[in-house]
Amino acid sequence: MDQSNEDGNLSQVQHVVLVLSGKGGVGKSTITTELALALRHAGKKVGILDVDLCGPSIPRMLNVGQTDVHQCDSGWVPVYTDAQKSLALMSIGFLLEDPDEAVVWRGPKKTAMIGQFVSDVAWGELDVLLVDTPPGTSDEHLAVLENLKKHRVDGAILVTTPQAVSTGDVRREITFCKKTGVRILGIIENMSGFVCPHCSECSNVFSKGGGEELAKLTGSVFLGSVPLDPLLSTSIEEGQDFIQSFPDSATFSAISSISETLLSSLQTA
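At position 83 of the sequence shown (counting the first as 1) the number is 83 in our numbering, and the numbers step up by one without a gap.
Hints were generated in silico from the structure; no laboratory data involved.
Quick caveat, the model's predicted, so the values are computed rather than measured.
The reader is advised that the hints may include incorrect statements.
Said to hold, decoys possible - Restraint-style ranges between C-beta atoms, simulated for each label pair:
#: 1; residue 1: His70; residue 2: Gly115; range: 29 to 39 Å
#: 2; residue 1: Gly25; residue 2: Ala83; range: 15 to 25 Å
#: 3; residue 1: Gln12; residue 2: Arg183; range: 15 to 25 Å
#: 4; residue 1: Lys216; residue 2: Gly124; range: 38 to 48 Å
#: 5; residue 1: Lys179; residue 2: Thr234; range: 33 to 43 Å
#: 6; residue 1: Ser233; residue 2: Gly209; range: 14 to 24 Å
#: 7; residue 1: Lys216; residue 2: Val69; range: 35 to 45 Å
#: 8; residue 1: Ser74; residue 2: Pro230; range: 16 to 26 Å
Unchecked claim - Below, simulated DSS-like cross-link-like pairs (lysine-lysine); rule was C-alpha separation at most 25 Å, straight line:
#: 9; residue 1: Lys109; residue 2: Lys85
#: 10; residue 1: Lys44; residue 2: Lys149
#: 11; residue 1: Lys216; residue 2: Lys178
#: 12; residue 1: Lys216; residue 2: Lys179
#: 13; residue 1: Lys110; residue 2: Lys150
#: 14; residue 1: Lys109; residue 2: Lys149
#: 15; residue 1: Lys85; residue 2: Lys44
#: 16; residue 1: Lys179; residue 2: Lys110
#: 17; residue 1: Lys178; residue 2: Lys150
#: 18; residue 1: Lys179; residue 2: Lys149
#: 19; residue 1: Lys149; residue 2: Lys110
#: 20; residue 1: Lys85; residue 2: Lys110
#: 21; residue 1: Lys150; residue 2: Lys109
#: 22; residue 1: Lys110; residue 2: Lys216
From the three backbone atoms N, C-alpha and C, an ideal C-beta is built for every residue, glycine too.
From just these sequences and the hints, can you work out the full model?
Right, here's the structure in full:
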């Protein structure tokens, strides 16, 4: 069978990576955005598919919240954050008339929307497509997998914070991946310390090392730790340019190192 016909709008996407978390509030969407920017800095063409239907926060992070989505012959045209079209985004947030509108949908409607998102976005050529999923292991995750597996999923990145309550939830996510046959590309420990904006010293606000310990216990790759960074938090809260702030942030070197490890792993997928 011709590969382009088989894969449709994903035919020119080299790698598809899911970003998962066992619980909300661990900064999964932030990690997705930062990873996308780090990959772009490495010269890659990147897409983000935001299927967190009830909490689509990535458009705000990338300052493209009120953008209209257009259609072409192949489907929806993703929203680009730059003139070079090196970072593309599709999110439910673009389809809501009011950004404060709640998505109160039953399972079948969510599943149908996810199916459309996977098949009907004209991504064009991408090196990596990052799929930002809702927290947990719900119908939405199964819908994402069922739709993407018609094409290809290279694997998943799991995001946790250092505390035991978070790593415990990620254990269930690991079980989910194993049951559904999704390769675990690695674990990222987010909010691993707080970087002081004045002296740049990193303090462990929560605990430390939970993500690395979990990786050892489950035989997974530990991709690295990412600190809480007030520069990036401020840029999101005040509507400043997150994309411009990112290279100057304390997070940048950590995420860049993680993205290099990820790219190496994808080459062996």
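Hints and how they fare:
1. Separation of His70 from Gly115 is about 20 Å and departs from the stated range, judged on CB atoms against 29 to 39 Å.
2. Look at Gly25 against Ala83: about 34 Å separates their beta carbons, and that is not inside 15 to 25 Å.
3. About 22 Å separates the C-beta atoms of Gln12 and Arg183, a value consistent with the hinted range of 15 to 25 Å.
4. For Lys216 and Gly124, the Cβ-Cβ distance of about 40 Å falls inside the hinted range of 38 to 48 Å, so the restraint holds.
5. With their beta carbons about 40 Å apart, Lys179 and Thr234 fall inside the hinted range of 33 to 43 Å.
6. At roughly 23 Å, the beta-carbon separation of Ser233 and Gly209 lies within the given 14 to 24 Å, and the hint holds.
7. At about 43 Å, the CB distance of Lys216 to Val69 agrees with the hint of 35 to 45 Å.
8. For Ser74 and Pro230, the Cβ-Cβ distance of about 41 Å falls outside the hinted range of 16 to 26 Å, so the restraint is violated.
9. With a CA separation close to 31 Å, the supplied pair Lys109 and Lys85 exceeds the 25 Å bound.
10. With a C-alpha separation of about 23 Å, the suggested pairing of Lys44 with Lys149 holds against the 25 Å cut-off.
11. Pair hint Lys216 plus Lys178 holds up; C-alpha atoms about 16 Å apart against a cutoff of 25 Å.
12. Using a Cα cut-off of 25 Å, the hinted pair Lys216 and Lys179 holds, with the two alpha carbons roughly 20 Å apart.
13. This hinted pair checks out: Lys110 and Lys150 have alpha carbons roughly 18 Å apart, not beyond 25 Å.
14. Taken as a hint, the Lys109 and Lys149 pair is honoured in the structure, with Cα atoms around 20 Å apart against an allowance of 25 Å.
15. Straight-line distance between C-alpha atoms of Lys85 and Lys44 comes to about 11 Å, which keeps the hinted pair within the 25 Å bound.
16. Restraint check for Lys179 and Lys110: the C-alpha separation of about 22 Å stays at or below 25 Å, so the hint holds.
17. For the hint pairing Lys178 with Lys150, the CA-to-CA distance comes to about 18 Å; that is within 25 Å, so the pair holds.
18. With a CA separation close to 14 Å, the supplied pair Lys179 and Lys149 stays within the 25 Å bound.
19. Simply put, Lys149 and Lys110 have alpha-carbon atoms about 18 Å apart, close enough for the 25 Å limit, and the pair holds.
20. A distance of roughly 28 Å separates the Cα atoms of Lys85 and Lys110; the hinted pair therefore is violated under the 25 Å criterion.
21. Annotation: proposed proximity of Lys150 to Lys109 holds, straight-line Cα distance about 20 Å (limit 25 Å).
22. In summary, the hint linking Lys110 to Lys216 is not supported, as the alpha carbons are separated by about 35 Å, beyond the 25 Å threshold.
Of the numbered hints stated above, those contradicted by the structure are hints 1, 2, 8, 9, 20 and 22, listed in ascending order.
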